[in-house]
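Engineer: For the sequence shown, this note's numbering assigns the number 387 to the initial residue and increments by one for each residue that follows.
Bear in mind the hints are in silico, worked out from the structure with no lab data behind them.
A hint or two may mislead.
To be verified - Computed list of lysine-lysine pairs in PhoX-like fashion (alpha-carbon distance at most 20 Å, straight line):
id, residue 1, residue 2
1, K1144, K1120
2, K935, K952
3, K466, K454
4, K527, K498
5, K1291, K1132
Said to hold, decoys possible - Listed next, with one range per pair, are the computed distances between beta-carbon atoms:
id, residue 1, residue 2, range
6, D467, V433, 16 to 26 Å
7, Q1210, E1140, 54 to 64 Å
8, V482, G653, 22 to 32 Å
9, P671, G1228, 53 to 63 Å
10, E1063, L1023, 52 to 62 Å
11, D467, R972, 50 to 60 Å
Predicted model only: the values in this text are computed from it and were never measured.
Here a beta-carbon is modelled for each residue, glycine too, at the ideal position from N, C-alpha and C.
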Amino acid sequence: MKNHLTQRMRSFLGEHPGTGMVFLLLALLSVMHISSRTSTAAADESVVWSIGRPDGSSIEFADGQRDKTTFAIGQSDVKKDFPVRQSGSVNITAGVPSEEKPYTVVFDLPQKAAPAYQLVVDYIFLAGAPPEIRVEVNGRKGIFPILPEPKENIDSDEGNYMLLAKQRLVVPIEGSWVKAKGNRITLVPLGVGEVSYDALSFVERGSDKASGKTSPRLEPTIFFRKAANGTNEVCRLFVPFDKPFKRASAVVTVGREKFAKSFSNPGFDFGVLAEAIEIPAPAGPSKAIVKVFLDGRAQVVTQDFLPARQWKLYICPKVHNDLGYTDIQPHIDELDTRNTDTVLNILPKYPFYRFNFETSWLLENYLKSRPPEYRDPLLEQMRQGRAGVNAFYFHLLTELCSGEELYRSLYFAHRLHREYGVNFNSACLTDVPSQTWFLPSLLADVGIKAFANGSNQTRAPILALTQLNENSPFYWEGLDGERVMTWFSRSYLQLKRLVGGDIQPRASNYEYLRGAVPQFLLKYMREDYPSDAVMVYGGYTDNALIPEKGEGDLIERWNQEYEFPKLIVATDADYFAYVEKQFASRLPVYRGDGGAYWEDGAGSTSRATQLNQRAKEVLPEAEAIASFGSLFDPRNLYPAENFRQVWRDVLFYDEHTWGAHSSITQPDREFVTRQWEIKESYATRANVDARRLRSRNLYRLFQDVAADSDTIFAVNLQPWSRTAPLEVEIDQGKYLVDVADKKAVKLDVISEKEGWQKVRFIAQDVPPMGYKGYALRSLDSPRAAAQTREVSSGAVIENQYYRLEVDPDTGGIKSLYDKSARRQLVDPRAPYKLNQFLYVSGGADSLIIDNIYGRPSADLVIHPVTSARIIENVRTPLGQRLVVEAVGKNTPMLRSEYSLYEGLKRVDILNTLRKEEVREKEAVYFAFPFASGNPNFEYQIQNGWVRPNEDQLPGACREWFTTQNVVHVKDASYSIAWATPDAPLITLTDINRGNWLKHLEIKNGHVFSYVMNNYWFTNYKAAQGGDFAFRYHVTSGSTLSREELSRFDADTRRPPFPFALLSTHVVPVTGKSLSTNKCVNFGFAGGECCNSIPHEIHPAQGGFEPSVCRKL
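Start from the sequences, fold in the hints, and give me the full structure.
Structural biologist: Below is the structure:
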């Protein structure tokens, strides 16, 4: 891109003969695309004054804009007196009078006037730029066209602006125009639009640099009009001048065709006029001869002319669907139905119009809220392809979702496809900036070939750091090699931004559209861009009311005036179908994960997130059990609707809207608390209902099992035999007997009160996809139930696999020694111990809050625990257990339990804590600094493993990550697997310091469980407190195969679990044997099936296949 523009610039600057005119070279520099960001003044320049720094940002200037301003050099304060923004002279809002908004700089010369000066203005365009600017120098008036060029983002904020551009305007000023005192330079943008200021400077130039030779120039635009004999290309003739003139004309010859143009000077003394001229569109590069006459003075130029590409803009209108944020959820639900009514009014009015429903939930909501006379026309428009629907149910935080959850998010859209003929051919996610690498594999698996992302760059510079938007569309290749065509958009609501929404949210201005379209195309107007079509993603902002015409009147007017660029109102699928047909072989390919940029907000509600995470692990178990129950006894109906509702609640929680826009600034306001109350209820209800469904269907299933007394069953829903510790509650004086061998089972009594005990036992060799029974028996004396425990002293526990030593000062693990491998797992050089609690304060108003240029780095303080003490070290019948307690900042209770079991090569850790609710910025971690020479990381996603850097998209998040459960740390000779079933957020090598990394330097093997934070400034929760629990597990070996890692994942995320079939005072366990007469040790699938892990077994619900046994 840069090389192409530089070549155009050199050509434009006049490598052709012409009549010399003083200062014209400098004048042309004012309209050229200068890429350099070096100092304004060259070595032979002397800066008389400057305002701001030419650094690509506007942070030095005052906020906002004013109707006029006067800035006195040496007296005024830039931060207070020079507004950053300046509006054009035409008001964008219909019916509001227009007026010029002059900004004036007043200054004295420090010495005698030099022969020549130049005013250098560095502009930034966040919105549409006005077409030209008037520059007044002590009464002399100059005119210059505004010609934006692409600008690189300096931060996340700029990454959201689809029209982001820049220009360096260089205005030549003769020394005779200025005076010793009281000079005034006034800048007035003319027309519709807005400029922002990066810097201004007034520079003295040596006389040898003050003159030059240049010429007029013919340049193509992107505009083409229909003509009698074909298509005309609208060009601009740039005419520089350094003195007033009255009459002007031009003759342009392109090929064999000649065109004349007359124009006048509307009262300007110097500058560059830009005159429109139409020529028949050349088929390719041509020679052009340009003759310009200014009051009889002639200039003749022969130049190369390259016609512009004939662009197509596929406008894909959507209204962004936040479930809350701008209003409470019930109000949003009703607003959404009114928007759908509006869509149904727009579509008949404009036959060319199309609309995209941003989530399939919008359709479900409408179909449940309106009678058939409204529903039927909507479904008919969708069958005709005039309205598209996103295959996803919601805009999900996909890195938090399980694989099964993401499949379930497609079920409703596919049901519409199956039952009503609605298209099921594209997917999108809006607002959420980045997605899991599982996505292309998932979509390809269900037959969807296209995906669009309206990527909000707030706290997520995936596009700000890269060219993913500029290189869209591309093929996103999944871990399995499957591909989906993908478009990454700079945020959303792009249609509204094209008609003026960046300046006035409700604006709809045709002249603004005329200027914004070429500015939008700037980043794609390069020789290597493969397509002639781009996507305009979305129409309207969060929960906005769709305007009555949906901008259809402006689009209709545009297409009547221009042949190109064509504005094609389309569904997302329409755009992708066109590109696939015309340009598929030319598109680039990207592989990798997008990272978990917004998933860190789930750490602001750690307890609710954990409830939802647990629900999505229990649900597949419950569905498998219900499936077996229906299979074994035809009387048992599979409760499909119950399961649909629980999955729906799971999806509602992982939907990206966490709360109100003012959740951080007004956390106690009812507007905020009501939204969180509803959001939290999804996780709470999903967790309760998932466990309820599992329990009921277990009870149903085990009615068909022969048991002659109260029995506790160990249930294993993985396809291999498993051994695992289980925790159950029994009456005092009871013990367990393995029904298979009639032997008493060793028990570890964890606690006892009120006549009952909480005990652990090892369930040995539970059959694959089956269960094993343990009968409850009574002892003669309740005291006899207690089994031998040895109280140990010191800080060490061990079994045949590991020796674990706790650091008494921190409560973390000082040493974890693998006996068989003879390896130390704890990095002795690390500043922290294994499982050490870290409370981190600080970070307010810093880069850790958002990637904003000019903010300071986060000043973080890591607070150590105090009062750590070992309260228990016991050898039990199952192994050895050590418990340590401590106190931390804002954490009055911290308890860590370490367990080693005989026969299991695994370290189990349970951390429980009580935390105070704190609104100051904070984060909580548990550190796991593993010892690994030249380490490599990989973390678990839904269908595989991701290596940081190697397996990530450009710009992906590297500050933090989410794992489905396991992180694998390995070097050339040793592997460590670490599981975190309760807390999906992690950081690698260090805590989150807000550096917004482009590349993660793998300098150590340290993993941090990132369990809490409140770094967001909106949407997420401001503070959290109460009781929390987090489980971790560690295993290791010289190598850990994929199969071993998968089994470790299943053993720690979905371990065998107990089910108690107990008598009540009215319903005894009688020992009855029903028709199938299953025994107490049984494999549902008839033995050890295979090594692959089924994540889901249930009757078909989404319509993809007659029954589901899904493996991820």
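Engineer: Measure nothing beyond the straight line between the CA atoms of K527 and K498; if it is 20 Å or shorter, mark the hint as holding.
Structural biologist: Cα-Cα ~23 Å, so violated.
Engineer: Quickly compare the C-alpha distance for K1291 and K1132 to 20 Å and report which way the hint goes.
Structural biologist: It holds: about 19 Å lies between the C-alpha atoms, which stays within 20 Å.
Engineer: Holds or violated: are the alpha carbons of K466 and K454 at most 20 Å from each other?
Structural biologist: holds (14 Å)
Engineer: Return holds or violated for the Cβ distance of D467 and R972 against the range 50 to 60 Å.
Structural biologist: holds (51 Å)
Engineer: Keeping to a limit of 20 Å between CA atoms, is the pair of K935 and K952 held or broken?
Structural biologist: holds (19 Å)
Engineer: Between D467 and V433, is the Cβ distance one that fits in 16 to 26 Å?
Structural biologist: Holds - the Cβ-Cβ distance for D467 and V433, about 20 Å, lies within 16 to 26 Å.
Engineer: Hinted pair, alpha-carbon criterion (20 Å max): K1144, K1120. Please report holds or violated.
Structural biologist: Measuring from Cα to Cα gives roughly 11 Å; hence the hint holds.
Engineer: Does the Cβ distance between V482 and G653 fall inside 22 to 32 Å?
Structural biologist: Hint holds: Cβ distance 26 Å, inside 22 to 32 Å.
Engineer: Just tell me: holds or violated, for the beta carbon distance of E1063 and L1023 against 52 to 62 Å?
Structural biologist: This hint is violated: roughly 34 Å between Cβ atoms.
Engineer: Determine whether the Cβ-Cβ distance between P671 and G1228 falls within the hinted range of 53 to 63 Å.
Structural biologist: With Cβ atoms ~59 Å apart, the hint holds.
Engineer: Given a hint of 54 to 64 Å, does the C-beta separation of Q1210 and E1140 actually sit inside it?
Structural biologist: violated (44 Å)
Hint compliance for this structure: hints 4, 7 and 10 are broken, all remaining hints hold.
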